[in-house]
Amino acid sequence: MHDHHATVEAVFRAEAGRIIAGLIRVSHSFDLAEEAMQDAFAAAIVSWEAGGVPDNPGAWITAAARRKLIDYARREQTRRHNEDQLLYESLCRSSAIDEEMSRPFPDDRLSLIFTCCHPAINMQAQVALTLRTLGGLTTSEIARAFLLPEPTLAQRLVRAQRKIQQARIPYQVPDAGSLPERLSAVQAVLYLIFNEGYSASSGDSLVRRELCAEAIRLARTLVELMPENPESMALLALMLLHDSRRDARSSEDGQLVALEEQDRSLWHQEQIAEGIHLVERALGRRSVGPYQLQAAIAACHAEARTAGETDWKQIAALYALLNASQPSAIVSLNHAVAVAMSETLERGLALIDELGSSGELDSYHLYHAARADLLRRMGRHREALASYHRGLALTTNAVELRYLRRRMSELDS
Amino acid sequence: MRYMMLIYSQENEAATAEEMGVVAATHKAVMEEARDHGVFRAADPLEDSSAATTVRIQNGRVLVTDGPFAETKEQLAGYYILDCQDLDEALAWAEKIPTACAGAPGCIEVRPIREFL
Numbered sequence: 000m001h002d003h004h005a006t007v008e009a010v011f012r013a014e015a016g017r018i019i020a021g022l023i024r025v026s027h028s029f030d031l032a033e034e035a036m037q038d039a040f041a042a043a044i045v046s047w048e049a050g051g052v053p054d055n056p057g058a059w060i061t062a063a064a065r066r067k068l069i070d071y072a073r074r075e076q077t078r079r080h081n082e083d084q085l086l087y088e089s090l091c092r093s094s095a096i097d098e099e100m101s102r103p104f105p106d107d108r109l110s111l112i113f114t115c116c117h118p119a120i121n122m123q124a125q126v127a128l129t130l131r132t133l134g135g136l137t138t139s140e141i142a143r144a145f146l147l148p149e150p151t152l153a154q155r156l157v158r159a160q161r162k163i164q165q166a167r168i169p170y171q172v173p174d175a176g177s178l179p180e181r182l183s184a185v186q187a188v189l190y191l192i193f194n195e196g197y198s199a200s201s202g203d204s205l206v207r208r209e210l211c212a213e214a215i216r217l218a219r220t221l222v223e224l225m226p227e228n229p230e231s232m233a234l235l236a237l238m239l240l241h242d243s244r245r246d247a248r249s250s251e252d253g254q255l256v257a258l259e260e261q262d263r264s265l266w267h268q269e270q271i272a273e274g275i276h277l278v279e280r281a282l283g284r285r286s287v288g289p290y291q292l293q294a295a296i297a298a299c300h301a302e303a304r305t306a307g308e309t310d311w312k313q314i315a316a317l318y319a320l321l322n323a324s325q326p327s328a329i330v331s332l333n334h335a336v337a338v339a340m341s342e343t344l345e346r347g348l349a350l351i352d353e354l355g356s357s358g359e360l361d362s363y364h365l366y367h368a369a370r371a372d373l374l375r376r377m378g379r380h381r382e383a384l385a386s387y388h389r390g391l392a393l394t395t396n397a398v399e400l401r402y403l404r405r406r407m408s409e410l411d412s
Numbered sequence: 000m001r002y003m004m005l006i007y008s009q010e011n012e013a014a015t016a017e018e019m020g021v022v023a024a025t026h027k028a029v030m031e032e033a034r035d036h037g038v039f040r041a042a043d044p045l046e047d048s049s050a051a052t053t054v055r056i057q058n059g060r061v062l063v064t065d066g067p068f069a070e071t072k073e074q075l076a077g078y079y080i081l082d083c084q085d086l087d088e089a090l091a092w093a094e095k096i097p098t099a100c101a102g103a104p105g106c107i108e109v110r111p112i113r114e115f116l
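Those sequence lines, one after another, are chains A and B. Counting from 0, one number per residue, gives the positions in the first sequence under numbering that gives the first Met the number 0. Counting from 0, one number per residue, gives the positions in the second sequence under numbering that gives the first Met the number 0.
Mixed in with the good hints, there may be bad ones.
With beta-carbon atoms standing in for the labels, derived distance ranges [unchecked claim]:
(1) B/Arg1 <-> A/Gln268: 54 to 62 Å
(2) A/Arg73 <-> B/Thr52: 45 to 53 Å
(3) A/Gln154 <-> B/Asp85: 48 to 56 Å
(4) A/Ala42 <-> B/Glu70: 57 to 65 Å
(5) B/Pro104 <-> A/Arg405: 47 to 55 Å
(6) B/Pro104 <-> A/Gln268: 47 to 55 Å
(7) A/Thr343 <-> B/Ala13: 49 to 57 Å
Negatives, chain B to chain A, calculated, CB over 12 Å [said to hold, decoys possible]:
(8) Thr25
(9) Val54
(10) Gln84
(11) Ala99
Simulated from the structure, these hints should not be mistaken for laboratory data. The beta carbon of each residue, even a glycine, is placed where N, CA and C say it ideally should be.
Could you build the full structure based on these sequences and the hints that come with them?
See below:
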């Protein structure tokens with residue numbers, strides 16, 4: 000008997016995203032779709048126990064859930080007269096279930112990703128909705144990951160689902176005209192999920208790791224569904240390359256370990272290999288974009304067996320390209336550091352000071368930390384200490400605070 | 000589903016007749032295109048908010064005040080009602096509707112109309 004439970008659970012893990020996407024498409028309701036899917040899985044445990052597991056369990060669940068949807072519509076119809084007549088009719092029309100079962104199991108996840116990441120929904124809600132619907136995370140897991148009270152997150156989800164219904168946000172892949180823009184919105188949501196999990200800020204580290212894994216899984220799905228897009232490939236690569244360093248980037252007592260000081264034998268080589276392969280494939284499409292440049296930079300770091308072997312010249316060139324396509328102070332800062340490492344420290348410091356002269360970066364702790372770092376390398380310890388102080392005053396992140404304090408105490412001694 | 004497109008613009012007396020002419024011609028073209036696609040239901044421009052009067056019921060009494068309900072930089076300047084398949088189609092139409100007035104940018108708020116069956 001426990002075998003069937005295990006089978007049902009495996010089907011759930013593998014197929015829930017696809018199944019819910021299909022149900023949402025036909026019912027136009029997240030709530031009903033979810034209720035129907037849960038009922039269908041409960042029914043599967045009983046039915047498969049008696050009659051064996053069907054050949055296509057995903058299609059079986061979909062068909063069973065659709066029957067549930069028709070039941071709900073009938074129930075609602077008697078309760079509220081004609082309001083759900085349309086839903087009922089459209090369900091009945093599309094419910095030639097036997098025929099449905101014999102057709103290939105459709106994949107509606109791509110349409111649903113575009114719905115969940117629609118710019119008409121606020122960004123935080125896009126993230127929550129994507130994780131809840133396509134990632135299969137529970138509301139309480141998402142709330143914990145984002146350090147929010149569960150009712151706040153639940154409310155956010157309800158509002159987003161209501162907006163999708165009321166404003167009729169479609170379940171479809173956008174037309175060619177708006178596809179590039181909308182696809183980059185999807186990529187941004189997935190990257191944000193990853194960064195939330197990867198960033199060193201406080202929170203349950205297990206949940207954070209799960210967010211990274213989920214972001215990678217979703218990015219993988221996106222690549223699988225739209226295999227021709229180089230930026231999606233590069234996004235997946237970027238996540239894999241960062242994630243490969245997860246065991247090396249913090250010490251056992253929770254201290255942040257800088258890239259330079261990491262034990263590279265802890266890096267996950269299979270993720271690095273896959274990441275590099277994806278970057279190469281993406282760059283082969285000859286349509287460079289920001290994720291490809293960032294992934295290429297991450298690949299440069301991943302390929303260096305020791306910190307000293309890092310190809311900083313290449314990294315500096317890549318940051319220069321990134322800055323040309325998406326200029327930002329932070330990219331300029333990284334470019335300056337790469338120049339310091341590949342040319343001379345003085346030249347890097349000059350670039351950093353030039354950046355600082357605009358004042359824009361004055362309240363950014365990493366600006367002061369980077370400046371301090373160069374001064375330390377140049378042996379100008381007093382000035383380095385002063386810059387570390389300024390960075391310290393601007394940081395609230397406990398892990399980064401500890402890192403800066405350690406650097407300062409090293410200079411003091 | 001019918002969507003109402005609310006046009007918010009900065010009221011600008013400095014707009015020249017020529018500029019107003021360009022805006023009017025663009026509106027006309029959008030309305031014609033919407034008619035050709037069978038989505039057009041209605042569209043009208045509004046007089047400036049200086050012509051607005053706001054009526055409130057306060058403590059059971061009618062209170063009439065001069066001006067719009069909120070003094071904001073951008074004011075409701077007109078509306079369209081278009082019957083679209085979904086929000087994406089509505090947003091594509093909204094993009095075409097001019098909102099700027101004499102160089103000052105404006106925006107369109109797209110709201111689904113609540114339908115009672």
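Here is how each hint holds up against the structure:
1. B/Arg1 <-> A/Gln268: 54 to 62 Å: The hinted range 54 to 62 Å holds for B/Arg1 and A/Gln268, with Cβ atoms some 58 Å apart.
2. A/Arg73 <-> B/Thr52: 45 to 53 Å: holds (50 Å)
3. A/Gln154 <-> B/Asp85: 48 to 56 Å: violated (25 Å)
4. A/Ala42 <-> B/Glu70: 57 to 65 Å: holds (59 Å)
5. B/Pro104 <-> A/Arg405: 47 to 55 Å: Cβ of B/Pro104 to Cβ of A/Arg405: about 49 Å, so the range 47 to 55 Å holds.
6. B/Pro104 <-> A/Gln268: 47 to 55 Å: holds (52 Å)
7. A/Thr343 <-> B/Ala13: 49 to 57 Å: Between A/Thr343 and B/Ala13, where Cβ atoms are some 55 Å apart, the hint holds.
8. Thr25: At about 20 Å from chain A, B/Thr25 clears the 12 Å cut-off, so the statement holds.
9. Val54: With a cut-off of 12 Å, B/Val54 remains clear of chain A, as the shortest Cβ separation is near 28 Å.
10. Gln84: violated (7 Å)
11. Ala99: Given a closest Cβ separation of 21 Å, the condition holds.
The structure fails to meet hints 3 and 10 from the earlier list, while all remaining hints are met.
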